[in-house]
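Peer 1: This is what each chain is made of:
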Amino acid sequence: MRIIVCIKQVPGTNNVLLDPETGTMLRSSAKGKLNPFDLFAIEQALALRACFGGSVTALAMGPAQAESSLREALYMGADKAYLLCDRALIGSDVLATSHALSQAILRIGMPDLILCGKQTTDGDTAQVGPEIAEMLGIAHVANVTQIEAHSGGALHVTAALEGCDCQYRLEPPFLACMEKDANTPRLPSYRRKKEMEAQSVQLLPLSNLMDADPAHYGMQGSPTRVVRVFAPEHKETRRFLEGSAQAMAEAMLGILKEEKIV
Amino acid sequence: MIRIDQSKVTEALARTLQDGCPFGAIRIDEADMLQIDASCRLCRQCLKLDTLGALTLDEGPEKSVSGDWDGICVLGEFLNGRLHPVTLELLGKARELAKGHMPVMVALPGHSVSEAARFLCDCGADTVYTYDDERLAAFEPVRFAACMEDCIRRVRPAVVMAGATAAGRSFAPRLAARFHTGLTADCTALSLSGDYELHQTRPAFGGNVMAEIVTKAARPQMCTVRYRVFDPPLRQNKGNGRIVALRMPEPAAAAEVLRVIPKPLEMDLSEADAIIAVGRGCATARNIEDAHRLARLLGAQVGCTRPLVEAGLFDPKRQIGLSGRTVKPKYLIALGISGSVQFAAGMAGASKIIAVNHDPAAPIFGIAHVGLCCDAGAFLPEIIQRVEQEKETQKEVRA
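One line per chain: the protein sequences are A and B, in this order.
What the first sequence shows, in our numbering, is residues 20 to 281, in sequence order.
What the second sequence shows, in our numbering, is residues 779 to 1177, in sequence order.
Treat the hints loosely; a few may be bogus.
Covered by chain A, per the in silico footprint, the following chain B stretches (three or more residues, Cβ under 8 Å) [to be verified]: (1) 938-948; (2) 1025-1032; (3) 1064-1074; (4) 1086-1099; (5) 1152-1165.
Honestly, the hints are just simulated from the structure, not real lab data.
Values in this document were obtained by computation on a predicted structure and should not be read as measured data.
Just so it is clear, CB atoms sit at the ideal spot from N, CA and C, and this is done for glycine as well.
Using the sequences provided together with the hints, build the complete structure.
Peer 2: Structure (structure tokens):
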């Protein structure tokens, strides 16, 4: 089974702070890290490889520094790593990012299975996985907690939805977005690191893709525009009230209604 | 992308820009030239810091929207025999945005949806497009997307809204990709400008910054909104809404649904969205029974402090704190809990903490967002009565 795992390098601390006075953003920690949700996708890929054989390829899109996250995937056990890196990709929104990644997947070669993390800690949209599946014309399942082998090459996939779990049967190729805590990701191994240190992360520039038209990527290929950034309002004022049980219950009802709890 | 006019870059400006970039994307290279690398997130901070006009934002050629797109379409969610309340909330917001000037529609795939469709008409939908099919009883993203696509192609709405539920977050991206348009996730505010441009506000760059986003040159303008962000509309007189029954298109690559496994009501505390926690100040048999009753009314889980587990009043699985569960609910109501550091450590992640305690000096009031100082035991029957009454009133208004 050939598996591609899409991963991303995210800022080390996931919070960029905005100075509410001046409206300027303060620098987040410069060092990036592997998106923590992606660990579950990498682990799932390695587990499936152990079961069926085949290969695990890690793919990321980002600046040159993202190589360290791809190396982490290699040291966990991935066989190969590709970094889609091009200045023309700057400013890509969900649509342009998904287009770029789906093009990179076609370039590497359509696998049997594509795995993604549930979402990233910086973008938080959880949308790139399903959009890649759509662009490649394959089925997908999100919130996946389990992938099991089944007869005839099909896989049984369990997804955690609200109020129920849903079990699906899918024929490869398809894409699965792994739920947090779906498994226990292994740590990168020192031995593996020693073995893989010589292995290079392959760079994919835009010119290597089938659709190499820069107008389809980055800001030009993105239908959305950020028109304004601002600090969130903090209406967090602590309230303290004292009184009879009746008066307090009345106040509580007001709060429950305000918070749309009742 | 951001273009640099190197002739206007001074050493001082280069340093300001390098230090000011929140993503560390700007640096001065070996040849002393200012460079912006692929870490750039286009946050535009550098444009603000650039006092010499060395940087320009190149957005590429201006594109325009082609064709007529009118109205607002809510992508309804009817799964396992139930209409998700977020659909109603979106309908309420859609009506508010439309202000009677544009049609408000709902696309409703599902199985046995006719009653829900009528209900949506009564709540203000002008047209509900139903796709009634056995195979839509349980969620499968490709089939749902196929129905929604069919509806969008028929009605060409300017705005499309979906719930940011597990299902909505799964099928809406497929649609956005199909229509080559934007999809803004988890919007917390929406407004329409004069030219029907949807201004979508959502947390960005990790959550401490809000971004206002528009969809340029692509239609429909798509967004998702979480449950409980907007208010549901009140049910009106029997509406003038129309129900149009359509057939589910047969999509190519759909997954086969094998089975739906309902989750047990008794869920793990650490996953609960709503928790009623009781402590020593609220520990009589009567109090605990009342706490369970309130939890049922609010759809919350019941948790407790360590002394109540030690007294054998609760299963250890219900304990919150350092030696128990760490919880992260949207709200937590602490009843008769003084708030030891051990307990507080287990619930610090709660978005909203409401504490009821008779002792005004209790440490819990230092952590709680709202402190209500009174006897928790006496408070319980009072609040239960009020919540029951409120639910009754709401039912009458909606019926």
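Peer 1: For each hint, tell me whether it holds in the structure or not.
Peer 2: We went through each hint and held it up to the structure:
1. 938-948: holds (count 5)
2. 1025-1032: Holds, because 3 residues of the segment 1025-1032 of chain B bring their Cβ atoms closer than 8 Å to Cβ atoms of chain A.
3. 1064-1074: violated (count 0)
4. 1086-1099: With 0 residues in contact (Cβ-Cβ under 8 Å with chain A), the coverage given for the segment 1086-1099 of chain B is violated.
5. 1152-1165: holds (count 9)
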